[in-house]
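**Student:** Each chain, written out:
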Amino acid sequence: MATLQGYVDHRVLLILQDGRAIVGVMAGYDQKSNVVLSNSKERVYSMDAGVEEIELGLYLVKGDQIVLIGELDEALEQSVDLSTIRAEPILPIRY
Amino acid sequence: MLPLSLLNAAQNKPMLVELKNGETFNGHLVNCDNFMNITLREVYQTSADGDKFWKLKECYIRGSTIKYLRVPDTLLDAVKEEQTRAREAGRSARGAHVSGAGNRGRGMPQRGRGAMRGGPIRGGRGRGRGM
Amino acid sequence: MLIFSVFKTLTDQKVTVELKNDLSITGVLKSVDQFLNIRLDKIEVFDEARHPHMMAVKNCFIRGSVVRYVQLPAEHVDTQLLEDATRREAAAQGKR
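Residue numbers (UniProt numbering), protein chains in the order written: chain A, 1 to 95; chain B, 1 to 131; chain C, 1 to 96.
Hints listed in this document are in silico derivations from the structure and should not be mistaken for laboratory results.
Source: prediction; values computed, not measured.
Keep in mind that a hint or two might mislead.
To be verified - Some chain B residues close to chain A (C-beta under 7 Å, calculated; not the full set): (1) M1; (2) L2; (3) P3; (4) L6; (5) K13; (6) L16; (7) L19; (8) W54; (9) L69; (10) R70; (11) V71; (12) D77.
Glycine included, each C-beta is placed from N, C-alpha and C at the ideal position.
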């Protein structure tokens with residue numbers, strides 16, 4: 001799968017089917033889009049508090065659980081103060 | 001680095017496994033295969049809502065039911081190191097026409113499993129615990 | 001496989017992908033594979049005020065299995081050609 005090429009060793013945002021958002025450094029992947037994330041943190045969104053980050057460490061996520069993987073732009077990332085962000089969590093996938 | 005190399009290197013290490021239904025399993029990895037089917041020992045199972053617990057001596061989890069695995073941070077460096085060593089061993093073996101001597105000593109696979117893929121990365125740490 | 005080919009002809013075009021979690025993402029199609037996984041560049045999330053989760057993301061990989069719709073640029077799809085190709089494929093399948 002040529003399409004995950006280029007994300008390795010980059011900080012990425014991973015959205016899972018259950019709506020969780022995890023950021024971390026992509027350490028590796030395979031053809032089934034299973035993904036290894038290092039230094040990963042879950043970002044918990046809510047309407048009544050800023051974004052909470054929970055340390056998760058080294059994570060192996062199964063490919064069939066993945067919705068989206070986005071490359072984080074470090075400069076944009078720095079410019080955002082997560083504690084000021086209020087948002088509903090991302091919806092889970094519904095078939 | 002391939003996800004399955006990380007999982008293979010996690011044998012005998014503690015890990016947390018969450019299933020698609022939200023149940024979690026905390027235990028030590030006994031064995032795994034390329035489908036990510038795994039067996040754990042000394043397991044604490046937690047229900048999806050987190051209010052029920054069970055202790056299991058050993059359990060088998062089908063890979064297709066897994067959402068994610070959480071493994072010790074130290075494994076990443078261990079796997080990377082191993083890969084570098086395997087690469088160097090491979091290179092020197094090719095260069096000097098010495099048939100993989102560097103690789104050989106480090107516990108090449110005793111069992112058939114895993115011979116299909118992955119080349120010199122496999123073998124070595126933490127395997128060979130008969131099930 | 002036919003649709004895979006269609007997507008390949010649309011690389012570097014602007015498309016909008018609606019996901020099964022109701023997120024809607026517009027971006028430039030950079031690549032696609034046999035599973036219809038999609039790589040998008042220069043992405044914008046629809047209604048970003050409500051969905052700030054991807055503010056710092058400029059390009060992304062979307063898993064084909066979670067895509068509900070892809071809005072294609074009509075002017076870059078030759079529907080006549082697509083119809084013919086579909087009939088050809090259907091006929092080929094009928095023979096087997």
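**Student:** Hint by hint, say whether it matches the structure.
**Tutor:** Status of the hints after comparison with the structure:
1. M1: holds, 4 Å
2. L2: holds, 5 Å
3. P3: Hint on P3 (chain B): holds, closest Cβ of chain A at ~4 Å, below 7 Å.
4. L6: holds, 5 Å
5. K13: For K13 (chain B), the interface hint is violated, since the closest Cβ of chain A sits about 11 Å away, which is over 7 Å.
6. L16: Constraint on L16 (chain B) not satisfied, violated at 10 Å.
7. L19: violated, 10 Å
8. W54: With Cβ-Cβ at 22 Å, over 7 Å, it is violated.
9. L69: holds, 4 Å
10. R70: Where the cut-off is 7 Å and the nearest Cβ of chain A is about 6 Å from R70 (chain B), the hint holds.
11. V71: Given a least distance of 5 Å, the restraint on V71 (chain B) holds.
12. D77: At 10 Å from the nearest chain A Cβ, D77 (chain B) fails the 7 Å test, so the hint is violated.
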